[in-house]
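There are 2 protein chains.
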Amino acid sequence: MFRYKITVEYLGSNFVGWQRQLNGISVQEVLENAITSLTKSNVITYAAGRTDSGVHAYGQVVHFDLEKLYQPPALISALNYFLKRTDVIILDCTIVDENFHARFSAKKRSYIYRILNRLSNSIIEHNLAWQIKDPINIQDMIEAKSYLIGTHNFTSFQSKGCYSNSPIKSMDKIDITRAKDIIEIYLEAPSFLYHMVRKIVGNLALVGIGKYKPEKIKEILDAQSREASFSMAPSCGLYLNNIKY
Amino acid sequence: MFRYKITVEYLGSNFVGWQRQLNGISVQEVLENAITSLTKSNVITYAAGRTDSGVHAYGQVVHFDLEKLYQPPALISALNYFLKRTDVIILDCTIVDENFHARFSAKKRSYIYRILNRLSNSIIEHNLAWQIKDPINIQDMIEAKSYLIGTHNFTSFQSKGCYSNSPIKSMDKIDITRAKDIIEIYLEAPSFLYHMVRKIVGNLALVGIGKYKPEKIKEILDAQSREASFSMAPSCGLYLNNIKY
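In order, the protein sequences belong to chains A and B. Oh and the first sequence: position 197 is 197 in our numbering, straight run, nothing missing. Oh and the second sequence: position 75 is 75 in our numbering, straight run, nothing missing.
Simulated from the structure, these hints should not be mistaken for laboratory data. Incorrect hints may appear among the rest.
Intra- or inter-copy, both count: the list cannot distinguish identical chains.
To be verified - Cut-off 25 angstroms, straight-line C-alpha distance, at most; resulting in silico cross-link-like pairs (PhoX-like, lysine-lysine):
{"hint": "1", "residue 1": "107", "residue 2": "180"}
{"hint": "2", "residue 1": "133", "residue 2": "84"}
{"hint": "3", "residue 1": "244", "residue 2": "180"}
{"hint": "4", "residue 1": "108", "residue 2": "180"}
{"hint": "5", "residue 1": "133", "residue 2": "244"}
Computed from a predicted structure; not experimentally measured.
This is chain A alone, in the form it adopts within the complex:
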């Protein structure tokens, strides 16, 4: 048996999410179908992050086992051939140790959240960013995000149905930048709670439009309660960016 680690990009808009579901097409299903088309065997794939419906990935990491040895460049080409006309593409492949696990071996994850901040709708950014029409002051968001850096109990930014053992997480970095009407929020941590990025962005956005003062983010964090925050950014602006091992 050989274990393959692949890096996958996808446009999440037309998927029910990473994980196989009965109610629609998942990234996992599309990817496993491609592997089956190539290898004529049933294969289970494991992803670093189980992205929700509508969430995109610049660099999801997935592992799976095959009986046969493929040279990585040949495997990438062959699988991408079967992935033609899908919204999934394989960017990279390496053969890894049998102890490697895409999810459990991950040391650091990063996400990017894109906000389109302008009055008029966009065709080009439709499904690729969250549109906010009120003017956003990113300086206030930058002040607010500083309360979240470091190790905290992030219960207030967690949704029901979270698989994590503990709500204590270490936020290493949140960078907020603006280029014309696109605001990019980059978040990096060893791991995240369920919906944590979208809840953080949802609340930071309320700071950005002046509905919350920056200190409100500290208040929400300190409450350590799921009831402390209701705002959650939509999935269309979220990108699983990179996984480090």
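Position chain B against the provided structure of chain A, taking the given hints into account.
Chain B in isolation, oriented as in the chain A frame:
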């Protein structure tokens, strides 16, 4: 009669270009159909730039005349209703003087050209950027573009079928920036020759990958001959950005 000036965004991938053609759907046709659906009259629209097939627009400007007076916000909403499920959207509308002409009154045009510079293909940037796999050095491109700034005979960067009276054009600005694997080239001039942006970008890209020295761009420019340059960047990376009046 009232003359309306509208700003239009579109994703050009599935269009034969701005102008009506027999061989496929044009932006003009989609827009005129929407106006006809609203007004029950046949209307001709005039655009600032007749973009080619596959070229996108962040801010194309178009004018047309209607018998009836519409308040601009209401006209935007009504037309965007009829443009639902198309790749065209109206961003702005103003009522203008009858002497205004989207093309002939334009004082300055800007284009943005997006290059995806990385080895692996992309689903997200597919059709939104020109992928170049060789590593690009933008410092060399920045050196090369300086030869193009100012008033020159741009015949070497012109395609057959150009409607322009003269090949003498004034390039006001070319800015080249990189953010991760996306290189953006911003070009601004009162007007451009047919294919001028794509030919400039095609040649600058050859400088970027080291195939041309920066001075080669001056040589091509000085040749004042369409035969001096063959490289033309594909339409998928080009965006008509903004028109100033």
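Within a copy, between copies, both or neither: which one fits residue 244 and residue 180 at a CA-CA cutoff of 25 angstroms? Only across copies: residue 244 and residue 180 sit 17 angstroms apart there, 30 angstroms inside one copy, limit 25 angstroms.
My question is about residue 108 and residue 180: at a cut-off of 25 angstroms on alpha-carbon distance, are they close within one copy, between copies, both, or neither? between (30 angstroms within a copy, 19 angstroms between copies)
With identical chains, the pair residue 133 and residue 244 could be close in the same copy or across copies; at 25 angstroms between alpha carbons, which is it: within, between, both, or neither? Between. Shortest inter-copy distance 24 angstroms satisfies the 25 angstroms Cα cut-off; intra-copy 35 angstroms does not.
Treating 25 angstroms as the Cα threshold, decide for residue 107 and residue 180: within, between, both or neither. For residue 107 and residue 180, only the inter-copy Cα distance (22 angstroms) is at most 25 angstroms; the intra-copy one is 33 angstroms.
Can you give me the call for residue 133 and residue 84, within, between, both or neither, at a CA distance of at most 25 angstroms? between (36 angstroms within a copy, 19 angstroms between copies)
When held up to the earlier numbered hints, the structure conflicts with none and fits them all.
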